[in-house]
Amino acid sequence: MLKIQGLECGYGRMKVLEGINFEVGAESVGLFGPNGAGKTTLISAVMGMIKPWKGSIELEGVRIGGAETFTIARMGVALVPQERELFPGMSVEDNLMLGAAYIPHAKDDIPNQLEKVFELFPILKERRTQYAGTMSGGQQRMLAIGRALMSKPRLLILDEPSLGLQPSIVAEVFEVLKSLKSSISILVTEQNVRESLKAIDRGYVLENGRIVLEDSAEGLKTNPHVVKSYLGL
Amino acid sequence: MGPSLRRHNLNIQAVKMAIKQRKAIIFAISIATAVVLILWKPTVLIYGLQAAGLYAAVAIPMGLVLGIVHIVNLSHGEFMMLASYATYTVCRALGVDPLIALIPAALVTALFGWVVFQLTIRRALKAPELNQLILTFGLAIAFSQIINLIFTSQTYKLSLEYSSMSLDIGDLSFGVWSFVFVAVAVIYAVGLQMFLTKTRTGKAALAVGQNPKGAAIVGIDVYRTYGLVFALAIGLVGAMGALFLTKSAIFPGVGSPFTMKSFSLVAMAGIGNIPGILGASVLLGLAENFLRSFRGTRDWAEIVYFVLIIAVILSRSLKGKKS
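In order, the protein sequences belong to chains A and R. Note that the first sequence covers residues 1 to 233 in UniProt numbering. Note that the second sequence covers residues 1 to 323 in UniProt numbering.
Certain hints may be false.
Calculated cross-link-like contacts (lysine-lysine; reagent style DSS-like; alpha-carbon spacing at most 27 Å) [said to hold, decoys possible]:
id, chain 1, residue 1, chain 2, residue 2
1, A, Lys116, A, Lys152
2, R, Lys213, A, Lys3
3, R, Lys247, A, Lys125
One side only, chain A facing chain R, incomplete, derived with CB under 8 Å [as the list claims (entries may be wrong)]:
id, residue
4, Ala73
5, Pro81
6, Tyr102
It is worth saying that the hints were derived from the structure and are not from the lab. Heads up, the beta-carbon is just placed ideally off N, CA and C, and yes, glycines get one too.
With the sequences and hints as input, model every part of the structure.
Rendered as structure tokens:
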């Protein structure tokens with residue numbers, strides 16, 4: 001699905017990522033690391049928001065490194081950004097509809113997708129006419145995930161989905177991720193490692209712009225470095 | 001429902017209530033003003049509304065560009081001036097009426113707007129706002145100077161019977177053709193509102209205006225949308241250029257005051273508030289014509305928009321300080 005080889009990129013002259021080799025197949029993959037490790041930069045590079053300096057990014061064998069964000073989205077990569085990036089002055093339903101309206105393989109199936117998203121997040125159905133900007137943080141996060149799912153993604157990327165949410169909503173979000181992982185490839189970056197290890201098959205640890213560890217979810221749970229630095233045990 | 005969510009919902013209710021109250025107050029003041037003017041100075045109401053229509057029809061496309069592309073187009077009025085000259089030339093050469101040339105004028109101006117956007121404005125979108133202002137100001141100067149070179153500073157006007165139609169009601173006699181601007185302004189406001197809220201392209205444009213990064217994430221080509229919206233706005237102002245020619249004389253500097261007035265109306269209404277531009281235009285049109293109705297204040301009418309824009313900026317600054 002997604003294959004990154006020898007990726008090097010950054011902002012201005014500042015190098016953030018170096019020698020990144022990374023792969024997401026038909027599975028759910030976690031990307032962990034402390035603040036400033038480069039998780040969001042890696043996602044930005046995959047989504048075409050920053051251009052790679054070196055290396056390649058491929059989606060199902062097609063090079064997407066350096067392509068425009070909208071092109072990558074139309075190829076089936078859906079992003080749930082840390083900042084949600086919703087359309088605050090538009091209704092919940094319009095936000096969801098726009099998630100699919102410009103995606104070639106999803107635009108003709110909007111009513112069905114809408115029903116599926118409403119099944120996953122019933123609160124969005126209740127608030128379908130409400131402006132997105134007037135919703136609470138947790139509801140906005142659900143809307144951002146729902147909007148991404150509207151595009152029938154081949155690869156769903158979630159950047160810190162639990163950030164700033166109360167524990168009950170975090171649990172709800174991860175339950176949804178667990179229910180999705182059989183049908184969609186998922187890449188999730190998280191600082192809440194404990195919760196995300198329950199929802200992923202495999203994970204990478206990114207520190208100072210380099211991948212320092214790669215293992216299965218079970219392997220990561222018992223890895224001394226992960227246990228000490230991320231699980232706080 | 002948790003306490004924070006309940007508090008959040010209560011806040012939303014309070015804001016909705018405040019908006020309703022404000023709308024009711026504005027409506028009551030508008031009705032009272034209209035009644036006073038009908039009884040005291042009906043011509044102020046008639047010509048004020050006609051002027052408001054013209055101002056709004058020119059300002060609405062600027063509001064569209066500012067609300068979605070987020071640039072202040074200081075060459076806005078000059079695009080209208082170019083369309084007026086193009087229409088004049090075609091009407092003279094082919095002997096057709098400007099109303100027949102209106103749609104072709106709009107299409108050609110829209111195409112020209114798209115080309116100008118792609119060649120110049122698109123490249124300045126990521127630059128600081130000052131660069132964008134300088135760029136569009138430069139375009140305004142270039143357009144008016146090119147017209148000056150080709151047509152000289154002489155004024156041109158078409159003589160059209162229908163534009164001097166008048167209506168007599170009792171002792172009152174007034175021109176009616178300028179009400180066409182009111183109709184166009186309403187059509188623009190309603191049409192754009194429908195376009196932005198009911199069509200896929202319109203919703204995409206609205207999404208781009210609210211969050212370009214979010215729009216790209218859902219597969220919308222942000223720069224293509226910017227180009228489309230800019231071309232649409234220039235097309236609308238181009239149609240106004242053709243219509244303007246039916247009533248007024250044109251000269252190279254005719255567009256510039258419209259840029260300034262449009263900007264002040266858009267600023268008064270608030271970014272992206274198209275119906276608000278209609279209201280602000282009525283206020284400006286009435287205020288100008290009210291001053292014109294007295295001999296002592298006639299010459300002050302042209303600076304009303306300055307006073308209004310200063311008042312708006314001051315009140316927003318004070319509100320900002322308070323919050």
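For each hint, the structure was consulted:
Restraint check: the Cα-Cα separation between Lys116 (chain A) and Lys152 (chain A) comes to about 11 Å, which is no more than 27 Å; the hinted pair holds. Using a Cα cut-off of 27 Å, the hinted pair Lys213 (chain R) and Lys3 (chain A) holds, with the two alpha carbons roughly 24 Å apart. Note on Lys247 (chain R) and Lys125 (chain A): the hinted pairing is violated, with a Cα-Cα distance of about 52 Å set against a maximum of 27 Å. The interface hint given for Ala73 (chain A) is met, as the beta carbon of that residue sits about 4 Å from the closest beta carbon of chain R, less than 8 Å.
Because the smallest distance between the Cβ of Pro81 (chain A) and any Cβ of chain R comes to about 7 Å, under 8 Å, the interface hint for this residue holds. Annotation: Tyr102 (chain A) was flagged as interfacial toward chain R, and the flag holds, the nearest CB pair being 4 Å apart, inside 8 Å.
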